[in-house]
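If you read the sequence shown in my numbering, its first letter stands for residue 1, the second for the next number, and so on.
Source of the hints: derived by calculation from the structure; they are not laboratory data.
Fair warning: this is a prediction, and the values are worked out from it, not measured in the lab.
Some hints could be false.
[Said to hold, decoys possible] Computed beta-carbon distance windows for the label pairs:
(1) Pro80 with Asp58: 17 to 25 Å
(2) Gly71 with Leu49: 28 to 36 Å
(3) His53 with Asp75: 18 to 26 Å
(4) Pro80 with Asp39: 28 to 36 Å
The beta-carbon is built from N, C-alpha and C at its ideal position, and this holds for glycine as well.
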Amino acid sequence: MDLFSGTTARRAVAAAVALPLAGGATLVAAGPAAADEEDYKILVVGKTLGFRHSHIDDTTRALIELGEDNGFTVDVWDPPNDSAGWWGNGSPGQPDLTMDSTPFTSAEDLS
């Protein structure tokens, strides 16, 4: 009689896989606690190089509302784009929501 055959082998493999996954879930759950010590910020980059999906503006507004409701900062970078193609005359961007400058404006800002 083989010790690891059929159902016994499947259970052993399932246990070997489940234990590391459970440990990983514990580490993931502990992660956000460290984020509470600093202000939470997100950057929404809506810039397109051509076709602009109609949901970009709605999603940006939804993220801003989530930030207002939950106490985190939402910065938006979405400049106009004058490229044209089959999709129309380019992207209007969201200039009223766009930051005056971005952290991506120069190599010095990136360092």
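For each hint, the structure was consulted:
Roughly 18 Å separates the CB atoms of Pro80 and Asp58, a value that falls within the hinted 17 to 25 Å. The hint said 28 to 36 Å for the Cβ distance between Gly71 and Leu49, and at roughly 33 Å that hint holds. At about 20 Å, the CB distance of His53 to Asp75 agrees with the hint of 18 to 26 Å. About 29 Å separates the C-beta atoms of Pro80 and Asp39, a value consistent with the hinted range of 28 to 36 Å.
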